[in-house]
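With the hints as extra help, turn the sequences into a complete structure.
First to last, the protein sequences are chains A and B. In terms of my numbering, the first sequence is residues 1 to 190. In terms of my numbering, the second sequence is residues 1001 to 1611.
Simulated from the structure, these hints should not be mistaken for lab results. Check each hint, because a few of them may be wrong.
[As the list claims (entries may be wrong)] DSS-like, lysine-lysine: derived pairs with alpha carbons at most 27 Å apart: (1) B/LYS1184 - A/LYS22; (2) B/LYS1491 - A/LYS104; (3) B/LYS1184 - A/LYS104; (4) A/LYS103 - B/LYS1421; (5) B/LYS1535 - B/LYS1584; (6) B/LYS1551 - B/LYS1535; (7) B/LYS1584 - A/LYS103; (8) A/LYS22 - B/LYS1537; (9) A/LYS22 - B/LYS1178; (10) B/LYS1466 - A/LYS176; (11) A/LYS103 - B/LYS1184; (12) A/LYS104 - B/LYS1178; (13) A/LYS104 - B/LYS1466; (14) A/LYS104 - B/LYS1584; (15) A/LYS176 - B/LYS1328; (16) A/LYS22 - A/LYS104; (17) B/LYS1491 - B/LYS1466; (18) B/LYS1178 - A/LYS103; (19) B/LYS1466 - A/LYS103; (20) B/LYS1421 - A/LYS22.
[Claimed, not checked] A short, non-exhaustive set of chain B residues, derived as facing chain A with CB atoms under 10 Å: (21) GLY1078; (22) ASN1362; (23) GLN1604.
Beta carbons: idealized from backbone N, C-alpha and C, even for Gly.
Listed below are the residues making up each chain.
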Amino acid sequence: MPDHFAALDQPRRPWLDDGALKECFHRASAAWHPDVAGSGDAARFAAASAAYSALRDPVGRLRHLLELEAPGHLARPSAIPADSADLFMRLAEFRQALNAFQKKAGAATNALARALLAADREALAQRANALHDELEAAHDAALIELRALDAGWEPRAADAPERLAALLQRFAYLSKWRAQLGESLFQLQS
Amino acid sequence: MSLIVGIDLGTTNSLIGAMDAGFPILLADADGERLTPSVVSFPQSGEPLVGRPAARMRAVDPAATVYSVKRFIGRRAGEETGDVSYPLAGAPGAPVRICIRDHEYSPEEISALVLKKLRADAARALGTGITRAVITVPAYFNDAQRNATKAAGELAGLTVERIVNEPTAAALAYGLDKLRDRSKIAVFDLGGGTFDISILELNQGVFQVLATNGNTRLGGDDIDAALVVWLAAKVGGTSQSRAAGSVGLPPAPARDWEVPPTPARLREAAIAAKHRLSAEESVTIDLPFIDGARSLSLTLTRAELDTIAQPIVEKTRWHCRRVLADAKLVPADLDEIILVGGQTRMPLVRALVRDIFQREPNTTQNPDEAVALGATIQAGILSGAVQNVVLLDITPLSLGIETFGGLMNVIIPRNSTIPIKAGEMFTNAVAGQQSMLIKVLQGEREIARDNWPLGEFELPFERAPKGQARVGVQFEIDANGILHVLARDTKTGAEKIVQVTSAIDVSDEAVEKMLEESLEHAFEDMSDRVFTEAKLKSDELLPAVRTALEKIGSQLTADEHAEIAAAVGEVEEAITAGEPHRLKRANAALDEATQRLATLLIEQAMAGSKK
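Below you can see the structure in the form of structure tokens.
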């Protein structure tokens, strides 16, 4: 298995600075991109590019960290974290309502039929915005916890892999929901 | 190392350039012109004309003069409207062919003639043979269109060292003298036939594309076509020109593609007027002896042109919002919006860009030349003439395979940095299964068949119990944005490159079958279909009008009520009479009559939400 941290000269930690990571990737690209006459190295560029796409978001980074340090913790089945169950239900309900709305909207090909749906659309957009704020707050809270875990990273506490696995699970759900909701918001505004 | 040239193979114009003492320069032809119209005309006898002399034949010999061929490259018949003055052929699903006199040409062959001319011009200007080139394509071109462009280059005797995306090339041209900068820019590229919007991050010589979006069937040509419709209506009485057909309609049947000279003349006049209206507020269009006897002179104002072009230009907005969402940025995060492509000279386009991105667009780049300069810079990077610059481009479309349920399983998501490889493991579903058919797709839709089929291949299995035969398949998108597939048997470790049968190179047998089917369709009564489609629209419209009137009818004036009632009556009568074209017109009239009703409804919804 490749070590993405090593490929980009990064410390093996849960938290990485976005800007510094990008700088590293750009420096690696400037040196090894296959187009660069003289020093181009397709294999090294491929490794750097794969590392950058794995490490740039918490989900990929935490998963890779576990793969390297405690692969046993990866295999566990992941249920929705208990404290997110309520949020998940509301997201699911919203998505159902949005689907129903989009079916109606898809059938409306003239301006008048679309106008008749404007009130529904507005109500859905408000619901989506409220959910968006809530998700962002949950994501910020997860980031704070990530920083806390990172602060106590060396020397590693006994429960570090467990906390890492739990945090990975939280980020995995959050990132999926944020992507889904972002897409919903985009569609509602189109 | 021999010289590499950079080529912008445009819908309307093409250019060629080369690095000279560390700077990209564009090369002129024998007449001192850098812009070569992408037009090829075939005279009765003798060699085909290419470029300016061919462009002069557009109005004179429209059926034998090929322009905007880029719209057809890598495309299948039926996908692209046939609203051009030259005849097209090809059964639905088969590659588009262009019929000139007794000969059929592929779009690649026509493009190769343009490339050959550019190549000869460059050889003359530089005093050396040209064998290697970088050629640009719209960022949103798919695999088939990229392959076809590469094939055109090869037909012209060039080794295509790189296919580079047009907006990315334009960003290189913009950023070459700003290599110390760190910034985020958007390139808004509206050309003759295609639209691209890309967002890049510039960081000390690294040009990283963050996201791209676009529409390969949206451009200045569409505005020209709409303007021709308007002109044709003003001319009055003349045949409903097919040259005026709008985007989205099915292509006219092949026997109908012979167009009398008039639409070509209207088009010429329309284009000239459009160009002048970028600087002037009002122009006079003179059409002497337009049908042999009558002459016409009329005025077109910029406001009128804007009204005609608005729905077309407005289509760019969705793509701009999409690219911002994909890059996870808001307009305020961007440092510059660079405009390229000839159509961005239009004040209406600039106003729209200002509105979407909430800032003044950057017009420092020559909209016709920036892409060619960028292609030249990329050629310089590859040859080593340009140092300390590197491009990290992305794939515009997600790549995936069709799963059992007919869904698209994404393997490489859109906006991934290229070159990129991704692996997928396949096993036999039943014991002794000898092979498995894999369909490769490109696109963003969940349902497999809604995406572009790139092709398919047969994956062979060793004889083994269920689930025991395992073959790993590696999908690679190279720096040109072109797909390669490699299969590896995990037991033997044997690797082989899999030939993906392009969806566009269908076998003769398949063509035969499609031809038969299309002939069947040809006998379908066209007016029947028009009526059915129009009736569907009425069925939707009439209840919507009723509901809207119940909700908000009290706010309309008596006149408005009467107008709507009359329009409803006309729709109902047209249905009873079973007259397809009358029904289409009646639907449009009812749409128009209920516009204020729609506005009122939206206003009410907005007001309700603000409480």
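27 Å Cα cutoff - pair A/LYS22, B/LYS1178: holds (19 Å)
Has the given pair, B/LYS1466 with A/LYS103, been kept, meaning a C-alpha gap of at most 27 Å? violated (41 Å)
Just to be careful, I want the Cα atoms of B/LYS1491 and A/LYS104 compared with a cutoff of 27 Å; is the pair within it? Judged against 27 Å, a Cα distance of about 52 Å means the pair is violated.
Has the given pair, B/LYS1551 with B/LYS1535, been kept, meaning a C-alpha gap of at most 27 Å? holds (25 Å)
Any CB of chain A closer than 10 Å to the CB of B/ASN1362? violated (23 Å)
Next pair to validate is B/LYS1184 with A/LYS104; report whether the Cα-Cα distance is within 27 Å. With Cα atoms ~39 Å apart, B/LYS1184 and A/LYS104 exceed 27 Å; violated.
Does B/LYS1466 lie within 27 Å of A/LYS104 when you go C-alpha to C-alpha? Roughly 44 Å between the alpha carbons, so the hint for A/LYS104 and B/LYS1466 is violated.
Between the alpha carbons of B/LYS1466 and A/LYS176, is the straight-line distance 27 Å or under? violated (34 Å)
Hey, A/LYS103 versus B/LYS1421, does the alpha-carbon distance stay inside 27 Å? Cα-Cα ~37 Å, so violated.
Check whether the Cα positions of B/LYS1535 and B/LYS1584 lie no farther apart than 27 Å. holds (8 Å)
Verify the proposed pairing of B/LYS1491 with B/LYS1466, using a straight-line Cα cut of 27 Å. holds (15 Å)
Quickly compare the C-alpha distance for A/LYS22 and B/LYS1537 to 27 Å and report which way the hint goes. violated (52 Å)
Consistency note: the structure conflicts with the earlier hints numbered 2, 3, 4, 8, 10, 11, 12, 13, 16, 18, 19, 21, 22.
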